[in-house]
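Sequences listed follow chains A and B, in order. For the first sequence, my numbering begins at 1 and goes up steadily by one. For the second sequence, my numbering begins at 1 and goes up steadily by one.
Rather than coming from a laboratory, the hints here were simulated on the basis of the structure. It is possible that some hints are incorrect.
Derived list of chain A stretches under chain B, where covered just means 3 residues or more per stretch with a C-beta under 8 angstroms from a C-beta of chain B [to be verified]:
| # | region |
| --- | --- |
| 1 | 47-54 |
| 2 | 297-304 |
From chain A, some residues computed to sit far from chain B (all C-beta separations above 12 angstroms) [what the hints assert, rightly or not]:
| # | residue |
| --- | --- |
| 3 | 24 |
| 4 | 80 |
| 5 | 84 |
| 6 | 161 |
| 7 | 236 |
| 8 | 307 |
| 9 | 310 |
Beta-carbon label-pair distances, calculated as ranges [stated by the list, open to error]:
| # | chain 1 | residue 1 | chain 2 | residue 2 | range |
| --- | --- | --- | --- | --- | --- |
| 10 | A | 335 | B | 58 | 25 to 31 angstroms |
| 11 | A | 19 | B | 179 | 44 to 50 angstroms |
| 12 | A | 2 | B | 178 | 58 to 64 angstroms |
| 13 | A | 71 | B | 288 | 55 to 61 angstroms |
| 14 | B | 281 | A | 336 | 46 to 52 angstroms |
| 15 | B | 38 | A | 335 | 50 to 56 angstroms |
| 16 | A | 159 | B | 242 | 43 to 49 angstroms |
| 17 | A | 56 | B | 38 | 46 to 52 angstroms |
| 18 | A | 308 | B | 58 | 36 to 42 angstroms |
| 19 | A | 125 | B | 242 | 43 to 49 angstroms |
For each residue, glycine too, the CB sits at the ideal point set by N, CA and C.
In case you want the letters, here they are:
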Amino acid sequence: MSAVEALVDLLAGRRDAASLAPRDWDGVVSVARAEALLATLACRLEEAALPPSVAALFADQRAAAAVAQAQALWEAEMARRSLDPAGVEFVLLKGTAYAAADLACAAGRQIGDLDILVPWHDLGRAENLALIDGWEWLKQDDYDDAYYRDHMHELPPLIHKDRDRMIDVHHTILPRTHRITPDALALVGDAIRTPGGFRVLNPADMACHCAAHMLADGDLQGGLRNLWDFHRLTAEFAAADRGFWGKLDARAEVHGLEKPVHRAARLARDLYGAQLPSGWNRIKPGDERYQRRLLARDDWGRATDPLLQQIFYIRSHWLRMPPLMLARHLWTKWRKGRAAI
Amino acid sequence: MRHCTRIAVGPVQFRIGSDWAAPIAALKTLYAGYPRDDARPADATVRLFAARPWRRWLRPSVHIGGDYIVPDALPLPLSMGLLAAEMGMNLQVALGWRRHMLLHASAVAKDGRAVILSGESGSGKSTLAALLGEKEGGGDWRLMGDEFILIDPQSGDALAFPRAVSLKNEAIAEVEARVDAARLGPLLAGTPKGDIRHLIPRADAIAAMHEPVRPALLLFPRFGGAPSIERIGEGEAFVRLTEASTNYVALGEAGFAAMTRLVRETPAFTIGYPDSASGMAIVEQLWTEAVR
């Protein structure tokens with residue numbers, strides 16, 4: 001069994017940690033690190049019987065994740081202090097939202113940048129407020145800057161000059177040029193408040209965004225982690241609300257995200273053992289290719305199957321841009337890349 | 001990967017893989033005297049690889065990867081594969097280790113107490129520690145390491161990380177004159193850091209690498225100029241050490257507590273010295289005067 005399969009089985013709870021030979025952990029740890037799932041695995045196996053050095057490593061990972069999560073929530077608090085007084089309401093997205101809402105998938109989850117969503121009409125004000133409070137443009141060239149502003153779903157990334165943390169200010173959840181146009185106003189309008197006073201997407205929207213982020217907006221890098229988020233989110237929401245899957249269906253339709261959401265659910269079933277309701281529980285051709293892409297890592301944590309990765313890379317661009325624009329974009333990028341050599 | 005080995009340095013078990021045989025063979029020679037526990041899972045993985053398959057043979061250049069990577073790190077020619085391996089090992093520890101607070105420092109220990117030397121590259125900390133570790137007769141210093149010293153956040157103790165010492169430029173000749181040639185690695189001439197030759201620590205230092213010691217002195221050496229000793233306050237030592245720690249911020253409150261305790265309990269000095277002999281004399285002098 002390959003390390004990546006062992007990792008997926010351990011996360012899914014299909015495999016007993018004690019059944020691994022000590023040296024099997026080498027690959028599992030490397031793959032989990034590469035997929036940003038090591039602390040997640042450490043939280044998952046907190047009670048398991050482990051070789052002493054793995055147990056120590058996992059304890060380190062849990063402690064580090066707790067520190068990182070506190071830092072991420074502090075950064076959200078800083079954004080709140082900048083934007084709230086001016087009446088710019090924002091919604092936390094992704095990892096910070098999971099932590100703020102205290103969801104199960106937040107346990108050990110790595111959080112990189114602070115991702116927030118503001119309504120389109122507040123985008124300019126949000127940008128100005130951030131600049132006043134110490135966020136700065138990351139060095140970018142004019143083409144990239146204009147590209148973000150004209151075609152993307154977020155401002156060019158900002159970094160805080162003292163705290164060295166990035167903030168991504170989104171106005172929707174997929175690029176403006178994408179074939180799918182989610183209803184951004186509905187996302188913000190139907191957001192809910194956490195006990196700590198932050199706004200996060202409602203459960204169905206949160207799952208929609210997770211699926212869109214994983215399947216519609218990228219080349220599936222870090223896909224195992226995103227799929228884990230989706231699996232844990234939907235399992236938790238469905239346990240709390242028997243009508244959740246139906247609501248998710250309806251909401252996915254509002255955003256035009258039925259296909260990515262259903263595919264994410266099937267992949268979560270096939271890899272992590274998610275229980276799906278009957279209408280979702282199908283087998284679609286093509287799923288197998290996605291699975292192969294998600295599991296493309298060797299026991300040293302290296303990406304494998306370069307051809308398949310390339311196909312998914314091209315696919316991500318194809319979804320994001322109309323063909324003529326894609327051609328122009330790649331041409332500009334290629335010329336810039338040549339000029340740099 | 002085609003070639004691989006496992007090395008335990010201090011508390012870190014490395015797994016090192018390579019597309020080429022030579023760097024692994026060099027590592028095996030350098031670390032032959034280190035204890036091995038091949039059944040223990042690795043804490044850190046290092047990969048030495050060719051960017052393209054044909055670069056394994058054609059103008060081979062060694063890229064450094066592993067659990068953590070630095071995106072713009074330049075590859076090294078295969079003749080410097082050993083240096084690449086060492087850089088890879090240091091990188092994994094610097095970016096990945098969380099169990100202890102890491103200080104980019106060298107250290108020597110005696111009677112269960114440690115002298116920690118922290119300073120920028122070129123301050124002479126590695127050479128000073130290496131020479132103290134080799135001192136004949138009067139000294140029975142054990143070398144704890146010349147790259148990282150690990151501070152246990154619970155106990156406040158210092159732990160050794162005695163990787164092979166990378167001697168640079170003039171320090172090479174100084175040490176060559178004192179030690180058995182069998183304890184020196186191959187000369188790596190003209191690396192990005194100048195000439196480098198590795199020194200294998202003494203067997204007793206390797207045997208004692210798991211014994212924690214109390215920090216007794218914090219020294220911030222500066223090579224060149226007249227001999228000088230200046231006591232510095234807790235605040236200044238704190239700031240200097242946070243700059244020398246690669247994981248202080250990542251440790252959060254635990255890092256702050258460990259650092260505060262270290263500077264409160266350990267007298268700190270800056271020292272200036274014109275040559276190794278006077279540097280060593282200053283360390284010995286402070287050891288007798290300042291260590292309680």
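Evaluation of the provided hints:
1. Coverage of a stretch by a chain is defined here by at least three residues with a beta carbon nearer than 8 angstroms to that chain's beta carbons; for the region 47-54 of chain A and chain B the count is 3, and the condition holds.
2. Judged by the Cβ-Cβ criterion of 8 angstroms, the region 297-304 of chain A is covered by chain B as claimed, because 3 of its residues qualify and three suffice.
3. With 12 angstroms as the threshold on Cβ separation, the claim that residue 24 of chain A sits away from chain B is violated: the shortest Cβ distance comes to roughly 8 angstroms.
4. At roughly 21 angstroms, the least C-beta separation between residue 80 of chain A and chain B is larger than 12 angstroms, which holds for a residue marked as non-interface.
5. For residue 84 of chain A, the requirement that its beta carbon stay farther than 12 angstroms from each beta carbon of chain B is met, with the minimum near 26 angstroms.
6. Every Cβ of chain B is farther than 12 angstroms from the Cβ of residue 161 of chain A; the closest lies at roughly 16 angstroms, confirming the non-interface assignment.
7. Listed as a non-interface residue, residue 236 of chain A keeps its Cβ farther than 12 angstroms from every Cβ of chain B; the least gap is roughly 27 angstroms.
8. Listed as a non-interface residue, residue 307 of chain A keeps its Cβ farther than 12 angstroms from every Cβ of chain B; the least gap is roughly 14 angstroms.
9. Chain B leaves residue 310 of chain A outside its interface by the beta-carbon criterion, the shortest separation being 15 angstroms against a cut-off of 12 angstroms.
10. For residue 335 of chain A and residue 58 of chain B, the hinted distance range of 25 to 31 angstroms is satisfied, since their beta carbons lie about 28 angstroms from each other.
11. Checked against the hint of 44 to 50 angstroms, the pair residue 19 of chain A and residue 179 of chain B passes, with Cβ atoms roughly 48 angstroms apart.
12. Restraint check, residue 2 of chain A to residue 178 of chain B: a C-beta distance of roughly 50 angstroms breaks the suggested window 58 to 64 angstroms.
13. Checked against the hint of 55 to 61 angstroms, the C-beta distance between residue 71 of chain A and residue 288 of chain B comes to roughly 44 angstroms, which is inconsistent with it.
14. Between residue 281 of chain B and residue 336 of chain A the C-beta distance comes to about 58 angstroms, which lies outside the given range of 46 to 52 angstroms.
15. Checked against the given bound of 50 to 56 angstroms, the beta carbons of residue 38 of chain B and residue 335 of chain A, roughly 51 angstroms apart, stay inside it.
16. The hint said 43 to 49 angstroms for the Cβ distance between residue 159 of chain A and residue 242 of chain B, and at roughly 21 angstroms that hint is violated.
17. Judged by the Cβ atoms, the range 46 to 52 angstroms given for residue 56 of chain A and residue 38 of chain B is violated: they are separated by roughly 18 angstroms.
18. Judged by the Cβ atoms, the range 36 to 42 angstroms given for residue 308 of chain A and residue 58 of chain B is violated: they are separated by roughly 27 angstroms.
19. For the pair residue 125 of chain A and residue 242 of chain B, the beta carbons lie near 37 angstroms from each other, so the given range of 43 to 49 angstroms is not met.
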